[in-house]
Amino acid sequence: MDFGGINPVILIATLMASAVPILLAALGETVVERSGVLNLGVEGMMIIGALGGFVVAVQTGSPVLGFIGGAAAGAALSLIFALLTQVFLANQVATGLALTLFGLGVSSLGGQGYNGIKPPRTGQLLPDALADLPVIGPILFGHDWVVYFSILMTAVLWWVLKATRIGLIIRAVGESHEAAHALGYKVNRIRLMCIAFGGAMAGMGGAYVSLARVPQWVDGITAGAGWIALAIVVFASWKPWRVLIGAYLFGGITVLQLNLQVAGSGIPVEYLSMAPYLITILVLVIMSAGRKGKANGAPASLGQNFHASR
Amino acid sequence: MTGTERQGADARPELLAVKGITKAYPGVIANSDVSFAIGEGEIHALLGENGAGKSTMVKMIYGLIRPDSGQMTLRGAAYQPGKPAEARRLGVAMVFQHFSLFEALNVAENVALGMESPPPMRELAARIRAVSEEYGLPLDPSRMVGDLSAGERQRVEIIRCLLQDPKLLIMDEPTSVLTPQEVEILFKTLRQLSSEGTAILYISHKLEEIRSLCDEATILRRGKVVATCTPRERTAREMAELMVGSALKTPERRVAEKGEVALGVSDLSAASPIPFGTSLKGISFTVAKGEVLGIAGVAGNGQDELLLALSGELKAAPDKVRIAGHAVGDLGPVDRRKVGLVAAPEDRYGHAAAPDMSLVENAFLTAGVRKGLVKNGFVDWAGTRRFAEEIIAGYDVRTPGPDVAARALSGGNLQKFLMGRELMQGASVIVINQPTWGVDAAAAAQIRQSILDRAGEGAAVVVISQDLDELLEVSDSFAVLNEGRLTKPRPTEGLTMDEIGLMMGGAHGMEVAHHVA
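So the sequences go chain by chain: A and B.
Going by numbering that gives the first Met the number 0, the residue at position 213 of the first sequence is 212; the numbering climbs one at a time, nothing skipped.
Going by numbering that gives the first Met the number 0, the residue at position 243 of the second sequence is 242; the numbering climbs one at a time, nothing skipped.
Since the hints were derived computationally from the structure, they do not count as laboratory data.
Accuracy of the hints is not assured; some may be wrong.
Said to hold, decoys possible - Simulated restraints on C-beta separations: (1) A:G109 <-> B:A77: 52 to 58 Å; (2) B:Q180 <-> A:Q303: 54 to 60 Å; (3) B:A77 <-> A:T59: 20 to 26 Å.
To be verified - Chain B side only, calculated, beta carbon under 10 Å to chain A, not exhaustive: (4) E85; (5) A86; (6) G90; (7) L104; (8) E108; (9) L112; (10) G113; (11) S116; (12) R384; (13) E388; (14) I391.
Claimed, not checked - Pairs of lysine-lysine, DSS-like flavour, derived with a Cα cap of 27 Å: (15) B:K82 <-> B:K166; (16) B:K58 <-> A:K185; (17) A:K185 <-> B:K82; (18) B:K314 <-> B:K370; (19) B:K18 <-> B:K223; (20) B:K223 <-> A:K185; (21) A:K185 <-> A:K161; (22) B:K374 <-> B:K337; (23) B:K58 <-> B:K187.
Don't be surprised by glycine CBs; every beta carbon is placed ideally from N, CA and C.
Could you build the full structure based on these sequences and the hints that come with them?
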């Protein structure tokens, strides 16, 4: 069942795992942007989460505590962003960019001394009997718990945003903060909670890179995954299931081009390396093109600060 | 005068009593010792000019802001809502003037957001249908609010309130965006509510509406209660004078000699650049020096497009639009200003003004060319500031100074500033869409007077408005815009309401029969 040295079953199984960091971060950012906040610090929060998760996991020996630590670290960093933009009303774009630079710098500093250490392994969740089934085994049952968690979160967020009251309030705040305020909703408080949630999700995504994908600590380990997550949110029209498609597409092509490199295809390595970025953006642009109108658009208050002075 | 004793004392039990409420902001006292009472099922008007403190008062009743001192009681119990949710729970609901609907959400979701514990969506949709039919306000719960007309949007807000079975419904200038037919439907609903025992606190400038609808009125001037009255027993003029505190002047018309044609439009057709807009179809008219042409029509019949075509934002073939004989159809707004045409669009926030820029900057934006405010490529800020201050003084714009953002002014105040900005540029042709929308009676009279003064000085003026009384007051000739077509202008003098109704009904054949040479 190999095509040019590439096994499609293994390919699908690997892409699901490789998409997890981007998927988690992009889901978090979807909620943040739906509430009307543009946090460009995803990359910074991811790498802080990668370091935080790695340190906690190594110190405690527990990968689960590691992921919790990563989420906490990402959320903590996002609260700096929340303080600056929601309380001091700083510009969101500038603050978000600064947050990324800050996160990269702090992680580089704090990661000194953790180079070359192996973290505790995050194992397969289900018994081998299931994972060894032909074809469906590796794809459906061979993963660690974070892969299932990320898919579960996609479904949960889709449901929350679409059908629950809290989701409606988040969308309302992102759509018109003035109207939400007039109805008595605490705009800045709701946004602050969304920002913290987005930070936790990004931090957890980062922790998955350092604890499961690589798995060790290297400077700049997230390598731009946060930026891809941001792009996916926009081109997925702020919809969780489309975020999942975008993340899997990116993960899939990344895995595929690595396999192609190994298999020694005739395509130059440079083209293969840029392929995931190019193709993901292209496909998402095509998906979001042609459907105009308010139902598909960006949250109307996206990136605007709110102050209840009027 | 305290104004607490209610006249026309009927036997309605008291619902809400407001006693000695004071609220101060840095630099302004918004409300000073305000007292009044509303009985159950009463329709009570809160009257006052822009900035008299009406909005601040109702925001305190709705729990959006807290008073500095004074008490309120609701059915005899102390009432101090800390937030709108509390007010809603106690049976106080509010329909806002702007800013409280979400365009990208559907009707049911918008309604749910204004309720404390909404039922599941399907049940809510059914209830919306039921209530909307009961009150004659048909509404589809699954439609996106962004696609609704102004009148339909207001229905969403009203139904949101009605679903909570309110004891007191606050309405902040509900009719400012409605067509006359929609106003009639609204009033029917309000009377029905009143007869069922719901009290209504009604804020408006439109005195005739208040006379026909309201049982009692409390009149505010500069934050204080200056009078209470029963509107049916007063004339609109008496109430306006109570609001303003001085005798009201009716605009005087200086009869000017009609000069040569200043603005000529011939067979102008243009596709609308606005989504879901109305295209212009074969518009032709001329306006002479010193003449005011009034253009009536129900909103959405091409008014915005006509303004764009005249201001130069929508270009046409050169000879379609002529200013004093020059073909300007292909010129943009700046070049047309140079030739002598200024235009004031309807939408204050975003089209007529840049909301986040100061009044000085906004003054420069349209007056820069005609007032010579650019010297050697640099902006003459001192001169611009002087011009802005002249507008503020000349049009009684209530603002702390010329450096505040346009957004910070109330709608009526900003409108006064924007009208002043266009009218004080000494233009030979002036085009205005909705000159007095959302402006109180005294300021509206002043704006109309200025329009007539400019015409008296020889300017040709085009006034597009949905307010028929306004058009009949200021215009020399009268035309109706209907589905993008303009009827042939006729002299305003001698026009009867029946004839206007026929023109508005789109009976295009009629104008031949009624043609007055």
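Broken hints, numbered, in rising order?
-> Those not satisfied are hints 2, 3, 6, 12, 13, 14 and 20.
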